[in-house]
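Chains A and B are the protein sequences, given in the same order.
Each residue of the first sequence is one higher than the one before, counting from 1 in our numbering.
Each residue of the second sequence is one higher than the one before, counting from 1001 in our numbering.
No lab work stands behind these hints: they were computed from the structure.
Check each hint, because a few of them may be wrong.
[To be verified] With a straight-line Cα cutoff of 27 Å, these simulated DSS-like cross-link-like pairs (lysine-lysine) come out:
1. K16(A) - K1061(B)
2. K52(A) - K1174(B)
3. K1061(B) - K52(A)
4. K1017(B) - K54(A)
5. K28(A) - K1017(B)
6. K16(A) - K1011(B)
7. K52(A) - K1085(B)
8. K1174(B) - K45(A)
9. K1174(B) - K18(A)
10. K1061(B) - K1071(B)
11. K1011(B) - K1034(B)
12. K18(A) - K1061(B)
13. K18(A) - K1172(B)
14. K1183(B) - K16(A)
15. K1017(B) - K1061(B)
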Amino acid sequence: MNNTDEQMWFDFLDGKLKESQLDEHCRKLANLYYQLINCYFSCEKSILENVKLKIASQE
Amino acid sequence: MMELIFLTDEKLVEALKKGDQNAFKILYDEYAPKIYGILKNYVRPNELEDALQEVFVRILKGINNFEGRSKLSTWIYRIAVNVGKDYSRNYSKEIERPMDLDSEEPETYNVQPVSDTNVKKEVFNELSYEMILEIMEQLDEDERLLIKLRDIDGLSYNEIAEIADLPLGTVKSKLHYARKKLKKLIEEANLI
C-alpha cells in the first residue's frame, strides 16, 4: 500500500471518507478490519445472561 | 412502572440511585456488551464472567456517589478499564512469582472462548477465530482498547482520553500506530 492509499485508509477510519470513495484494495481492507475487530470484541451471550441473573439475585 | 427506555443519563442515574430494577436492566443491556469488550483486552476468558460481575457491582455501589461531572458512559468505561487492569496486574504478579513445583494443580489457562457464540459462527469464511486471536493479541492492551473505543464504540478522542487516562495527543498518536499495526498484520496474513 502506497502512502496515498494509506492516508485514504486512515481518513476512512476517521470518517473523513465514505466507503464508496475508497479504491478496491482499501475497501477490502476496511471490510476485513471491521469484521476482525467486531468478531474479536464480540460478546458471549451466555456470559451476559449469567451475570445479569447473578446480580439480580443479589439485589 | 416508569418509562425508562428513552431516559436521559440524568434520569437513569436518578432511577438507579432509587434501586429501580428496570433502570438496572436498561443500564445492563446497554453497557454489558461494551464492558465485555473492554474486559476482553485484559481478562482471561475463564474469568470474564467474574470480571463483568465485578464491574457491575462497582457501578451499583458507586452510583450514589456519581455526581455527573463526567458523562455516565465515561464513568462506566473507566470502571471497566480499572477492573480490567486490576486483573492484568494480578496476572503479571503470577508470572513474577516463582513456580510452585510441589503443586499438583496444572496451571492451564483456556485461551479459547469459553462457550459457543453466535458471532463466531458468522465469522468471515477465510479467517478462523484462532487466526483472529493470533492477530489481535499481537497488539498490546492499550492498542486494543483504543481501537475498541474509537472504531467500534465510536467515542470521541476527548472521551477516550478521559477513559484511558491519557493525554489527547497520546490517544491520537497511539491510535494511529495501533491502526497501522493492525493493518500491517492483516496484510501480512495474506487475507487480501
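Okay, the hints, checked on the actual structure:
Among the hinted pairs, K16(A) with K1061(B) is inconsistent with the structure: their alpha-carbon atoms are about 41 Å apart, more than 27 Å. Between K52(A) and K1174(B) the CA atoms are separated by roughly 34 Å; this puts the pair beyond 27 Å, and the hint is violated. A hinted pair counts as satisfied when its Cα atoms are at most 27 Å apart, and K1061(B) with K52(A) qualifies at roughly 16 Å. For a cut-off of 27 Å, the pair hint linking K1017(B) to K54(A) stands: about 19 Å separates their Cα positions.
A hinted pair counts as satisfied when its Cα atoms are at most 27 Å apart, and K28(A) with K1017(B) does not qualify at roughly 47 Å. Restraint check for K16(A) and K1011(B): the C-alpha separation of about 34 Å exceeds 27 Å, so the hint is violated. Taking the CA atoms of K52(A) and K1085(B), the gap is near 22 Å; set against the 27 Å cutoff, the hint holds. As the CA atoms of K1174(B) and K45(A) are separated by approximately 31 Å, the hinted pair breaks the 27 Å bound.
Distance hint between K1174(B) and K18(A) is fulfilled; the C-alpha atoms sit about 23 Å from each other, no more than 27 Å. Using a Cα cut-off of 27 Å, the hinted pair K1061(B) and K1071(B) holds, with the two alpha carbons roughly 17 Å apart. Distance check on the hinted pair: K1011(B) and K1034(B) sit about 21 Å apart at the alpha-carbon level, within 27 Å; holds. The straight-line distance between the Cα atoms of K18(A) and K1061(B) is roughly 43 Å, outside the 27 Å bound, and the hint therefore fails.
Between K18(A) and K1172(B) the CA atoms are separated by roughly 21 Å; this keeps the pair inside 27 Å, and the hint holds. With a CA separation close to 18 Å, the supplied pair K1183(B) and K16(A) stays within the 27 Å bound. Distance check on the hinted pair: K1017(B) and K1061(B) sit about 10 Å apart at the alpha-carbon level, within 27 Å; holds.
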